[in-house]
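As they're listed, the protein sequences go chains A and B.
All the letters of the first sequence, read from the start, carry residue numbers 1 to 307 under the numbering used here.
All the letters of the second sequence, read from the start, carry residue numbers 1001 to 1378 under the numbering used here.
Hints should not be assumed to be uniformly reliable.
[As the list claims (entries may be wrong)] Reference excerpt, derived from the structure (chain A facing chain B, CB under 8 Å, subset only):
{"id": "1", "residue": "M1"}
{"id": "2", "residue": "L233"}
{"id": "3", "residue": "V303"}
Think of the hints as simulated: they come from the structure by calculation, not from any bench.
Note that the structure is a prediction, hence the values are computed from the model and not measured.
Here a beta-carbon is modelled for each residue, glycine too, at the ideal position from N, C-alpha and C.
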Amino acid sequence: MDFEPTTEQRGVLDALTTLLARHAGTARARTGAGQGYDADLDRALREAGFLSLFGAEGAGPLEAELVVEQVARHLGSVTIGANALVGPALGIEADRGPIALVANPAVPIRYGAEAEIALVVQGDEAWYYTLQPDVVTVVESPYGVPLARLAPRDGHSLGPGSSGRMLAWWRVAIAAEAVGLMSGAFALTLTHVRGRKQNDRTIGSYQAVQHRLAECEVLLDGSRWLARQAAWLGAPEEESAAAAALAVATALRLNREVHQVTGAIGLTREYDLHLWTQRLRLVTLELSGLLGQRRALAQARWVHQDV
Amino acid sequence: MEFGWSDDARALRRDIQRFLDSSLPDWWGTPGTGLGSIRHSEYSKEFAPKLAARGWLTPHWPREYGGADGEPWQHFILGEELWLRGEPRGPQYMNVNWIGPAIIAFGTESQRNQYLPRIAGGDVLWCQGFSEPEAGTDLASLRTRADRDGDDYVINGQKVWTSYANVADYCFLLARTGSTEDRHRGISVFLVPMDAPGVEVREIDAILEGHAFHELFFTDVRVPESARLGEENAGWDIVRHALAYERVGIPRYCRAAMQLDQLAEWARENGRLTDPAVQEQMAGGRALCEAARLLVYRVVDERAKNTHVSSNVHVARAAMVLAERAVGDLGLAVMGGYAVASPIDSQYVDSVAAGLAAGTYEVQLNLIARTVLELERR
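All chains should be built: construct the whole structure from the sequences, respecting the hints.
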């Protein structure tokens, strides 16, 4: 057990922070690149090796997870969870293009129109599809992230049991992205409540506000470590579901609280908070939302195994 | 950053489990015999010496005081396994977690010689005399006085909510030696024999199943100066130091997670485990237990590295309360009337107490707000 980043992990994160300062952030999230698929960021991440950490010598899934957290926190507009965690776990080479993850074709997919590959859960198997434009139906998105429905065809199976692996890593990716997005939204909110005064007091000095944010901190911190643990352990079914279940539950709570204490300005597009919270809401919906994550955890803990 | 156990840690856990399988008595776990009951406390004087004989009672203490200079992880694994079995060390978990270490850190050589061998041997019980009727969360308002009289101190006052006072040999007592205006700067620690003339214990009738707590009255209790731990009026710092890790001294998430598994077994036997609503509630509790476990481990990791006590201890404590509450709530929600007089019902009451002990949940949130989130104190 060691909760301190290694020198190598610090190095990865420092280099990533430098890269994200150039290719991500709130200003970029408002530009065309940030609101569509950010091909420049995608290229920079690939060239620097950040999408190859999962199976790299001297690194691994935990380092990949840390990258997903940070890219999400800095509002990187790329398929980071799918490409850094899920694809590599299924043996998809890192030089392939953006990956869309599909469990239910009826549901709009993040970056569905921009993805080159779809990984689709079909029963016991994950299927690999190379996407053509005619299988894409773009859906209008208020989330700051493009959406589309996909009806892919002519794919191939990644083998029996591959869907379990895909779902487990997808849950880790959901947890990691949610943690990153929550961290960004929470940091902005703390800055706001430290400075905003009402009745001659900062609103962050009111105990009613402090307790709500302190509980968010506890839940966010717990979500962060569950996500990292799940990645380090190699995404076991139970630990992955636990990470996603807590992260999604926390996201629903934190999203509400940060908007509540920010007030009406937080509902405007002028203010940055929505850049995180809108994306966060989308992430919480994947794989049947909170109830889906919790049912997966219960199945893994008490139904698939003997108690 | 990594989340695995060493081979030594895994082997230790297995050894402790085997030892517990073979050593706990037949009556263990029967109603009314849990932590805080007289039978449980008395049994700890049989059990703890067996742990001591194996080097498992004070492995984290320095060798010169009966320990093995072990890592905090070793002691913590012991704590997890023992707590899962109902904490057979009884009140002696406090002895080894913080009372002994406080005496090591602040005691005179004479005090160390007097108190530590019995603690390391496992045959002495202590209670803590902190809270008072008018000084709970606001401990610095305590009024129990210890006034100098020649070479002695004379103690007068009242403590309340004291667990184990009915069986304790000694009380780790906080008393005021300065003025009330001195607040936390006018408090000293005394190591008071519970059989000293003038000490009276009254049990409080309470709803905690089997666990008694008490009022303690001190009327002209005379103790020598040598009963004072540390400098006069320096008691606040001693307690802060001693209790720095005690907020996570009890791995409460362990038992909550175990009771969740037992609840799942009940649900399976009663055809409820396939109910999606039941699964969703239980998974929510499970995720909170796991989060609490990792947040506590982070604090143990800090301790193992001898880094300063960080605010993470408050985050971990709050996470444990959330986990216990969730399991307490959902146990009743899932079992309905079958929960009557069951361990699940006890878990609910314990989860209520969890938010009060070792600094209330609200105090933890206040500390997180100020020290982690850096929000302004009014």
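A quick look at each hint next to the structure:
no., hint, verdict
1, M1, "holds (5 Å)"
2, L233, "holds (7 Å)"
3, V303, "holds (7 Å)"
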